[in-house]
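Undergrad: Now for the letters of each chain:
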Amino acid sequence: MLVLLFILFAGLAIGCAIALVAQRNPLYSAISLIGVFISLACLYVMLAAPFIAAVQVIVYAGAIMVLVVFVIMLLNVEQEERRRSRLGFLVPAAVVLAAVLVAEAAFIIWFVDKSHATPTQNISDTGLTSSIGSALFTKYLLPFEITSILLLMAIVGAMTLARRIKEIPAGAAVVPGAQVLPLHMFDRSVPLSDTRGVEAYGTEEVAEVLDLPDDHDLTKRD
Amino acid sequence: MDWSTVLDIILKFVAITIAFTVVLLIVAYTVLAERRVLALIQGRLGPNRVGYGGALQPFADLLKFILKEDIVPDKSTRFIYFLAPVIATMAALMTMIVYPFGPETSIPFIGTIPLSIARFDVALLYVLGVTSVGVYGLALAGWSSNNKYSLMGGLRSSAQMISYELALGLSLIGVIMLAGTLDLQKIVEMQSAWHGFRWIIFLQPLGFIIYLIAAIAETNRVPFDLPEAETELVAGFHTEYSAMKFALFFLAEYINMFTVSMLATTLFLGGWNVPFAEDIFGRGTFLFGLVSVLGFLLKVIFFLFLYIWLRGTLPRFRFDQLMNFGWKFLLPVALLNIFLTATLLILYMSYSGSR
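Protein chains in written order, with this note's numbering: chain Z, 17 to 238; chain X, 34 to 388.
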């Protein structure tokens, strides 16, 4: 029974992991990654570590991947074109490393001495919430707190990067809705069939964005 | 696999079937109750034609949903478009297995059984985890429909749920500190002292209010229903959905209301504890179990009524108000609640010697 469940979830995890790298659509990749996380959580449950499983789902599948999906949706990333891999020389190295990994696993399975006495009952309590909590807040208190400071640094760094450099004057109102204008209106070298747009609040701003000369006559183009 | 294991599995399946049937029936009648109560608030009659006083309206609605044409938008991402309502409904239903509906009860011909489907060490974290997966249903529905309004609705729902999940989780930490466990059954049994009246709401009033507000936001109900704001976004993330797929979203919303109410009842209102029931009927008897389950359902139905009441009386937030309220008010207050609870708990423990 347990072996069947293990094969099911391990197979699911591996399948999702392969789909994650094979998919061209970033959203499909994100969904595959969620599948990997949830299968891993199921495996943790089978290893008698329910707390880690729950945290895996809450933190990775429930928070981080929501943000990833959110960003993909917000930027509306299109399907990536199939193109030649730029990894070239890394491919043989990857194959060699994968072979080493498989060899290691085979070595462990075949040559390491297996004890014939199987445990009759799982009496370990290391995976339980209470033991994890007491370990985190007594024995590993300092590493735990240092990790949280690390996260705080990351937040401060992100805020520093995202901070607006120019101060917005208090009287300025936000222009309701930026204009989206076709690119060929502003650049003659762009063919009319090109549907790309420029987002801006006014034509001067568009000219500034495209670095066009000031005497560029917009009216001569029909 | 021996005989007792098989019997155990069969019992679990029966329990799941009964629980799901009861819950789905209550959910169906919540929809009817919502329409009737809203009509009462707005001085109308509401649906009262099908059956006695509209009692068969939910089934008429279901029949209508099944018979409607199922329209799929041309340029939608088909696989995800079909997957999204399934994720939403499944995540809503999956949390149902951990709630204790009643105490251990001796039932004629079967023996003493606990009136809950599953019991494990991290039940509360399981509920939070599965609920947080539910947001994908809404977000993916918005993205795959290939519709601006749907996309906006999906984005809004994910932003809103991320923001309020924090306050929701933090509001529960006070309860966890008081109970010292994540096991929902132990939390309920802790509240059965004082003749079944030691409800955590008396010890955690602030946490209860924060939880209630955050839970309404999590379920996308009025006044936090921005993901499906009719006046701005047509119908939000489910604009392009029709027939049974729309019904699944509809169902998921009401099941979510139900599970959130069950969690509020379990954690704050004493779960299945009915005051003085244990003194009258005695622990473990069939009648005690029956009264406890009825008490539990009554408390849940009170919360459902509260939801409908709020919908009838409150206007909708604006999006910046929503974000400011969540991040700048609810989150600091939740942290303050944790701080207060910890301080009082330490003072209490140092005076009484132990917990």
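Simulated from the structure, these hints should not be mistaken for laboratory data.
Hints may contain errors.
[Stated by the list, open to error] Which stretches of chain X does chain Z cover? Using the computed rule of at least three CB atoms under 8 Å from a CB of chain Z, they are:
| hint | segment |
| --- | --- |
| 1 | 145 to 158 |
| 2 | 168 to 177 |
| 3 | 191 to 199 |
[As the list claims (entries may be wrong)] Simulated DEER-style distance windows between Cβ atoms:
| hint | chain 1 | residue 1 | chain 2 | residue 2 | range |
| --- | --- | --- | --- | --- | --- |
| 4 | Z | A35 | X | A151 | 28 to 36 Å |
| 5 | X | D103 | Z | I125 | 32 to 40 Å |
| 6 | X | F235 | Z | A35 | 49 to 57 Å |
| 7 | Z | A121 | X | V47 | 26 to 34 Å |
| 8 | Z | M17 | X | V83 | 44 to 52 Å |
| 9 | X | L95 | Z | V87 | 35 to 43 Å |
| 10 | X | W36 | Z | L167 | 26 to 34 Å |
| 11 | Z | V118 | X | L95 | 34 to 42 Å |
| 12 | Z | L63 | X | M277 | 24 to 32 Å |
| 13 | Z | I171 | X | I206 | 32 to 40 Å |
| 14 | X | L95 | Z | E120 | 20 to 28 Å |
| 15 | X | W36 | Z | S147 | 33 to 41 Å |
| 16 | Z | L90 | X | D107 | 31 to 39 Å |
| 17 | Z | V118 | X | S383 | 57 to 65 Å |
Where a beta carbon is used, it is the ideal one built from N, C-alpha and C, also for glycine.
Undergrad: All hints are to be evaluated individually against the structure, with a verdict given for each.
TA: Hints and how they fare:
| no. | hint | in the structure |
| --- | --- | --- |
| 1 | 145 to 158 | holds (count 4) |
| 2 | 168 to 177 | holds (count 6) |
| 3 | 191 to 199 | holds (count 5) |
| 4 | A35(Z) to A151(X): 28 to 36 Å | holds, 30 Å |
| 5 | D103(X) to I125(Z): 32 to 40 Å | violated, 50 Å |
| 6 | F235(X) to A35(Z): 49 to 57 Å | holds, 51 Å |
| 7 | A121(Z) to V47(X): 26 to 34 Å | violated, 42 Å |
| 8 | M17(Z) to V83(X): 44 to 52 Å | holds, 47 Å |
| 9 | L95(X) to V87(Z): 35 to 43 Å | holds, 38 Å |
| 10 | W36(X) to L167(Z): 26 to 34 Å | violated, 52 Å |
| 11 | V118(Z) to L95(X): 34 to 42 Å | violated, 53 Å |
| 12 | L63(Z) to M277(X): 24 to 32 Å | violated, 39 Å |
| 13 | I171(Z) to I206(X): 32 to 40 Å | violated, 20 Å |
| 14 | L95(X) to E120(Z): 20 to 28 Å | violated, 56 Å |
| 15 | W36(X) to S147(Z): 33 to 41 Å | holds, 35 Å |
| 16 | L90(Z) to D107(X): 31 to 39 Å | violated, 24 Å |
| 17 | V118(Z) to S383(X): 57 to 65 Å | holds, 58 Å |
This entry does not satisfy hints 5, 7, 10, 11, 12, 13, 14 and 16, going by the numbered hints stated previously.
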